[in-house]
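Chemist: Guided by the hints, dock chain B onto chain A, whose structure is given.
There are 2 protein chains.
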Amino acid sequence: MIDILVKEIQKKDNPTVVGLDPRLNFVPTFIKEEAFEKFGKTPKGASEAFLMFNKGIIDAVSDLVPAVKPQVAMYEQYGAEGINAYIETIKYAKKKGLVIIGDIKRGDIATTAEAYSDGHIGKVDIEDEQCIVYDEDSITINPYLGYDSVEPYINNCKNFNRGLFILVKTSNPNSGEIQDLIVEGEALYKRVGRLVNKWGEELIGNSGYSQIGAVVGATHSSQAEELREIMPNNYFLVPGYGAQGATAKDLKVCFNKDGLGAIVNSSRGIIAAYKNAKYTELQFAEAAREAVIEMQKDLKSVL
Amino acid sequence: MIDILVKEIQKKDNPTVVGLDPRLNFVPTFIKEEAFEKFGKTPKGASEAFLMFNKGIIDAVSDLVPAVKPQVAMYEQYGAEGINAYIETIKYAKKKGLVIIGDIKRGDIATTAEAYSDGHIGKVDIEDEQCIVYDEDSITINPYLGYDSVEPYINNCKNFNRGLFILVKTSNPNSGEIQDLIVEGEALYKRVGRLVNKWGEELIGNSGYSQIGAVVGATHSSQAEELREIMPNNYFLVPGYGAQGATAKDLKVCFNKDGLGAIVNSSRGIIAAYKNAKYTELQFAEAAREAVIEMQKDLKSVL
Chain A
2 MIDILVKEIQ KKDNPTVVGL DPRLNFVPTF IKEEAFEKFG KTPKGASEAF LMFNKGIIDA
62 VSDLVPAVKP QVAMYEQYGA EGINAYIETI KYAKKKGLVI IGDIKRGDIA TTAEAYSDGH
122 IGKVDIEDEQ CIVYDEDSIT INPYLGYDSV EPYINNCKNF NRGLFILVKT SNPNSGEIQD
182 LIVEGEALYK RVGRLVNKWG EELIGNSGYS QIGAVVGATH SSQAEELREI MPNNYFLVPG
242 YGAQGATAKD LKVCFNKDGL GAIVNSSRGI IAAYKNAKYT ELQFAEAARE AVIEMQKDLK
302 SVL
Chain B
2 MIDILVKEIQ KKDNPTVVGL DPRLNFVPTF IKEEAFEKFG KTPKGASEAF LMFNKGIIDA
62 VSDLVPAVKP QVAMYEQYGA EGINAYIETI KYAKKKGLVI IGDIKRGDIA TTAEAYSDGH
122 IGKVDIEDEQ CIVYDEDSIT INPYLGYDSV EPYINNCKNF NRGLFILVKT SNPNSGEIQD
182 LIVEGEALYK RVGRLVNKWG EELIGNSGYS QIGAVVGATH SSQAEELREI MPNNYFLVPG
242 YGAQGATAKD LKVCFNKDGL GAIVNSSRGI IAAYKNAKYT ELQFAEAARE AVIEMQKDLK
302 SVL
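These protein sequence lines map, in sequence, to chains A and B. Here the first sequence is numbered in my numbering, starting from 2 and rising by one per residue. Here the second sequence is numbered in my numbering, starting from 2 and rising by one per residue.
The following block holds chain A by itself, in its conformation from the complex (with noise of 0.2 Å):
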């Protein structure tokens, strides 16, 4: 998975993500009204808004950028119908040649974690029959409960040829009152870095990076570059630009020397583009594009 990521975003000389995290309020009127009609304002209809929203989105995006992370609570919100949007997302993203990044931050024991890694990024079995059921390319995980709560995943990872970004440090601003805490003469994201980086040795692509990659805020900008240094190998998943505050001077870091090593997530600042006066709601896709066009070449004015 980290190989076709990566010629992607070479191929694309792009290392922007898009991410689909809708909310109503991003939604134009159109859309709404349309889905609204048809299924009133329910879960079904709001789930019925996001897709068309996001398949818009996703057309006015794919040739440009390599991936897209749809964010799974905006659509869990909804129940069963949030998540059928959610996997339809990631269907039409992938017919459209994107790589998908699911951002769902589980965490939980080992058996429980099997089925969530089976449900995503494997194939859940039923009396011999193989399901695959959201087909993810990769997922956001947290390490909190240690690595055998990490190993089904990575099992999967060697299986099915899928990725993992485990959270190491987060771009929210109280990120540090339990990830900055100082273990052993070092911050605990240091720590989880590092074994993160143990964790990701054994499966290291052609393109020298592993399929074990981390989450590491741009808003953080000192704490990226440490983590940089410690992780060389590993890809980074990087949120907190544009709307949380961080600049492409301020991710500069988390990039290696090969320009390489991190893929920026954008949302709000893509996919609500078009709330900018100089749009209308009908443009939200061409502002959209225009927007990720803007960020790549500010992505690619410090790398």
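Just to be clear, a hint being listed does not mean it is correct.
Just so you know, same-sequence chains aren't split out, so a pair can sit in one copy or run between any two.
Said to hold, decoys possible - List of simulated lysine-lysine pairs, DSS-like, C-alpha gap at most 25 Å:
no.	residue 1	residue 2
1	LYS8	LYS97
2	LYS279	LYS298
3	LYS56	LYS95
4	LYS42	LYS124
5	LYS124	LYS39
If you are wondering where the hints come from, they were derived from the structure by calculation, not from laboratory data.
Modeler: Only chain B this time, still in chain A's reference frame:
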């Protein structure tokens, strides 16, 4: 929520929560056959089998236990159909008077956490229509991202009288890899325990316990004892009894002197009790009921 849980524990004289973590090999053949005949060996068929199985278990134990804990991973692995079975299980258990602890272990940055929180323990707003989607009474969450990732859940606990159990010390073998690291002279799980205690201060109910509880594994007895001391008014959700190896003696330390303060989970030990040679598959519900009575006796012997 915590006051209702405590009242139910006292009324039923039983601090047991039944973990509804079905797997296909726990479900009796006659149930699977019926479900697969209707829907095939598909995610829908498997989800239907889980729901039928859960209803049987719930009917058999609802007068004996205060709460059930469905593990969302088992359902989520089957996609939208699975999520539907999870929600229907919750609905059914609530009708039978049970408190629901949704074992979802979510953890994400604030704006995303809001979506999880509104979907699971609040209401989602769809253009001013307020919808209740999952309707758990309480859920488990992961603290690795810090307070701003927890706050959206605390807000809904206040607004909708819901509860949380935050992961502090989990029951799995590798839980110590991160949770036991020493930070500023004490283990990380103790630091997290102190944070959870602080976060819960505002939400202490008439029972003297906070709506914000903690997950503390029974498999680490001396650590649970330390946490009991640090967190006198936080309820413990205690996994690890039975199949994971902890005995009633091991988990005695999770309780306060008032005999309250902990609710002990058993999943396999109850829902798959019929696998014991003395039962047939048709007796799966009866076997679960007897396992609950056995467990209640066992717990009472140490309290």
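Chemist: Compare the structure with each hint and give your call.
Modeler: Hints, one by one, checked against the model:
no., hint, verdict
1, LYS8 to LYS97, "within (16 Å within a copy, 55 Å between copies)"
2, LYS279 to LYS298, "within (20 Å within a copy, 70 Å between copies)"
3, LYS56 to LYS95, "within (11 Å within a copy, 38 Å between copies)"
4, LYS42 to LYS124, "between (34 Å within a copy, 14 Å between copies)"
5, LYS124 to LYS39, "between (33 Å within a copy, 22 Å between copies)"
Violated hints for the displayed structure: none, as all numbered hints are satisfied.
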